[in-house]
Amino acid sequence: MKKIKKYMHWILLSPYLTLFIIFILLPIIVAIYLSFTYFNAIQPPRWVGLQNYIDLFTRDEIFMQKVLPNTIKFSLIVGPGGYILSFVLAWLVAQLTKIPRTIFALILYSPSLTAGVTMAVVWRVLFNGDQQGYLNALLLRLGFIDKPIQWLQSPEYLLTIMIIVSLWSSMGVGFLAMLAGILNVDETLYEAAYIDGIKNRLQEVIYITIPAMKPQMLFGAVMSIVQTFTTAGIGVALSGTNPTPQYAGQLIVNHIEDYGFLRYEMGYAAAVSVVLLIIIYLFSRIAWKLFGES
Amino acid sequence: MAGYVTKTNPKRFHKSQLKFYFILTPIAVFMLLPIIFIFSQAFKPIDELFLYPPRFFVRRPTLNNFYELFAATKGSSIPVSRYLINSILTALFTVIFTIIISVFAGYALSKKRFKAKNLIFTINNLALMFVPIAVIIPRYLIVQKLGLIDTFIINILSLLAMPIGIFLIKQFVDQIPDALIEAALIDGANDFQIIFNLIMPLLKPAISTVGILAFQVAWNSADASTYFINNENLRTFAFYVSNLTAVTGNTIAGQGIAAAASLIMFVPNLVLFIFMQSRVMNTMAHSGLK
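Just so you know, the sequences run in chain order D and W. Under my numbering, read the first sequence as residues 1 to 294, first letter to last. Under my numbering, read the second sequence as residues 1 to 290, first letter to last.
Calculated directly from the structure, the hints in this document are not laboratory data. One or more of the hints may lead you astray.
Unchecked claim - With a straight-line Cα cutoff of 25 Å, these simulated DMTMM-like cross-link-like pairs (lysine to aspartate or glutamate) come out:
id	chain 1	residue 1	chain 2	residue 2
1	W	Lys117	W	Glu48
2	W	Lys11	D	Glu191
3	W	Lys290	D	Glu204
4	D	Lys199	D	Asp186
5	W	Lys112	W	Asp187
6	D	Lys147	W	Glu48
7	W	Lys11	D	Glu187
8	W	Lys117	D	Glu293
9	D	Lys214	W	Asp174
Unchecked claim - To be clear about the criterion: a stretch of chain D counts as covered by chain W if any three or more of its residues have a C-beta under 8 Å from a C-beta of chain W, and this derived list gives those stretches:
id	segment
10	54-64
11	122-129
What the hints assert, rightly or not - Reference listing, derived: stretches of chain W covered by chain D, where coverage requires no fewer than 3 residues with Cβ under 8 Å from a Cβ of chain D:
id	segment
12	57-67
13	93-107
14	256-265
Cβ atoms here follow ideal geometry from the backbone N, Cα and C, with glycine treated the same way.
Next comes chain W alone, as it looks inside the complex (with noise of 0.2 Å):
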């Protein structure tokens, strides 16, 4: 071992690691501050919003922004919770349908026997790179013609093929050895008891980490109301927060006003991750694309 001091992924600190310390902390901070400037905005009271010259931090924090933030839509016929109820049924239902579909597929694509099956998963590896809203003409009239626009399926539906999701639970099934299921076979088992009740239990790193990103994109996605729902009652609450400043106008007041609905829409994605990391970060190990 002689020769080198630092190394990557060190079992126990050593002081030669300092110096990451001194380049990562910087850009550390620099990271954080938009992210501790939305915390500081939105619990800021109406006086502090209005200080000049402005205040980075908040001094004494009051949840005044989120009062307003519900009480702002009062006036108009639909309230603030129907937005939020809207994106929470969409996240969820893309998560659990999400899930479903890719690990179906996956299982399919790693475990099966059949022709297609190389030509299947190259096309999904080439969609890795599909960028939706390039096509978004094309998705409006096919959706139009399927008489989707103004549904509120269209919220989930538009999101639920996700080839990444695929892609990594395929990789991760492909550990599974095959003797474990065709000795599931032999027993009896039919494909979806082996799926719900073998793979699934194995898959669970995958299954978090394609759960944690289809609800990151159904979250923060505000494409379908955007583009497909003219309906303001079936509309998510990314849509809400991205016409903000239309509701509000650019005032300050609204400027709490919006980091309040920032910080709602940040938080969730943010405590999801940190409760799944760990098994985000073993699924990553097995994510190389070859």
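So that you can see chain D by itself, here it is in the shape it has in the complex (with noise of 0.2 Å):
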């Protein structure tokens, strides 16, 4: 009895441990092992060192000129923009009296409610081609264009769909944390700085609101950086093909899939992974790097 009781924390935590490395772990470790073998899923992985590596970053035209370029874009808008988006509506909204100040962050929280693969269906009819789609009929009511724009099948157009479709529903579970982060800073701290000479909102903000919620600023950052990465593969929900029109909004992840499921090239997939995971850890590296105590 007493044996048990003093390794009663591994039992406590060996359901989530297990879990954690069959689904989270283990992934990742077979993702970085695959990534230097050339594998088919038929046959046993051949190990091919960095060719992969190689392959990818001198002979992979797609993957250099399009879906890098509209990863980093879609990335540096969705992510960044998504994250000061999401403190700035926070901190209006905490300048608002208990009962409107709700309402408000439920709307503006909603939109993450809808989760990118489907609402992808209502996004098609408000960006329908042809001019039944209702904002080609709009714009056409008021003049902006004469003929109806096939908006999600035009290369030129539906990255930046993409984007704003994402910014859309940014407003998550970070949005939510930095907004109990404002208005859970001490009101003395702000007492005490308007004495000491602080003028106005703004910088109240930047010495004082900021550095107190430190912990949840690093926290919604990386949500932030979760949710734009998780919903990257809405260029494809969105056009409707994997590839998308001229590669026009192929994000890594989908370049994942077209090699993985589609092309049975496991191996070089999983190299594409591991790029992936690099550019996710160094953006939340630098979101530590900005909010992080130690």
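Two chains, two frames, some hints: make the complex.
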């Protein structure tokens, strides 16, 4: 009985650790291993060293010319953009009294509940390519355009629409955390700061609010990163094809799927996965640098 | 208090707050439009769907699209209700098991003393940024090796490891004084009794939050159905909706059905959040990452 008590924490942790290892840790390790192999899912993996990475950065024109620039553009705008938007809106909402604040927070938060893929069917109607599409009909009537635009099929618009849709739904858990953080800043800090000579609300935000809620800022940043890369598959859902028209909305997530499940070049797809994991990690390093305490 | 009139978290209304309403109202309207559009579209009768120029708001609402949604698959062997039941079961079990697993682990990480504790918590914090879709291929291979392809249970299992769940619960358990637990231990309670009788009731806000997050993931995710399941009988409603245009075609009538399906996806999320929002906000106050 004593012995069981001594190892109780492992008993309590074991369900989580088991699932964590199977579905999070092991996939990352396997991805790293496979990225150094040729693997077509039929024959056993064959070690090829760095060949996949060399091919990825020297031969894969689509990756270097479309997928990587698209991913960087998308994640730089949707990640930091969505994050700043979340913070600004959270701050604005925090300036209101309780009931209107709750209503506004609910409205701003609700798009994040629609979660990319299932909402795509609705976006396709709004951005429909013929004159029946709502955006086309509106722009035609206002005289901005004289013939309907194939929004989701045209390379010039697809990525922009993906970014707008993702920004629209970016006020998620991070937004709520930052709102809670802003509301919980100790009021006496503000009073002291005004005595010390802070002059306006912007200074108040920069010198008091943000430093006082660093942990929530960091949490919000991590959530933004996760959300950005989780919704990154939306181009395929919007345009209805993988690859997207002229690879205009092709992001790394789609490239992985393209090589892994359509071409069965799983070793190569794993190398792409590793590159994505590194990108995600770099983003979060920046967040920790900005807001982490140690 | 001299020098400023507006302030964060005000107790009562002051006309200086009006400027925030002027900024927030147009943004809120913009955010709401697509959601109003789903509602409007879902209840449109067929002639309003065909209308040109298209009209945003519904004039004569009907439930026709919902009937059509459930009739659309009558011809095929698998009715929509099958996908819905799969989704409800997936969401229910995912919520229950995520809560139990997270509370066990969060309690151990907060209140137990052992060597690897900080290491595990640090790794879990790193894993907060884990994006499952990034390693979908090794995940697929592992699921295949475990013989879990084409099983219903993979819908649930693949979602249960939720680093944010452990994180939020642990932060909340940290608030509970050690003395309370020590007193229970002296009274002869074991860890499971402490968890279920003492910790769980005190953790209501955090448990509601983790539950709601688990529900959102389970209800909205089509990943397991897309990648791990080939048998239509086992797939979820989220999968069905994301492939809806393949069933109905990209027709005008299909658009009404699609909107009805999206509404079914969206409303449970919204209703749950409205009921739980104060508990969620309470939990988020402790969500800081250090």
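Is the straight-line distance between the alpha-carbon of Lys290 of chain W and that of Glu204 of chain D 25 Å or less? Roughly 22 Å separates the two Cα atoms, so the pair holds.
Taking 25 Å as the top limit, are the C-alpha atoms of Lys117 of chain W and Glu48 of chain W close enough? Cα-Cα ~61 Å, so violated.
Within 8 Å of chain W's CB atoms, at least three CB atoms from the segment 54-64 of chain D: coverage verdict: Not satisfied, violated; 0 residues make the cut.
Assess, step by step, whether the Cα of Lys117 of chain W is no farther than 25 Å from the Cα of Glu293 of chain D, and give holds or violated. Given that 25 Å is the threshold and the Cα spacing comes to 20 Å, the pair holds.
Would you mind confirming whether the straight-line C-alpha gap from Lys112 of chain W to Asp187 of chain W stays at or under 25 Å? This hinted pair holds, its Cα atoms lying about 18 Å apart.
For a C-alpha distance cap of 25 Å, please report whether Lys147 of chain D and Glu48 of chain W respect it. 23 Å, holds
Holds or violated: Lys11 of chain W and Glu191 of chain D, Cα atoms, limit 25 Å. Distance of about 16 Å is within 25 Å: holds.
Is it true that the CA of Lys199 of chain D sits at most 25 Å from the CA of Asp186 of chain D? 18 Å, holds
Are the Cα positions of Lys11 of chain W and Glu187 of chain D separated by 25 Å at most? 12 Å, holds
Three or more residues of the segment 122-129 of chain D near chain W by CB distance under 8 Å? Result for this restraint: holds, n = 5.
Verify the coverage statement for the segment 93-107 of chain W against chain D, using a C-beta to C-beta distance below 8 Å and requiring 3 or more qualifying residues. holds (count 6)
Check of the segment 57-67 of chain W against chain D for coverage (Cβ-Cβ below 8 Å, three residues minimum): With 0 residues close enough to chain D, the hint is violated.
The structure is inconsistent with the numbered hints 1, 10, 12, although it conforms to all the rest.
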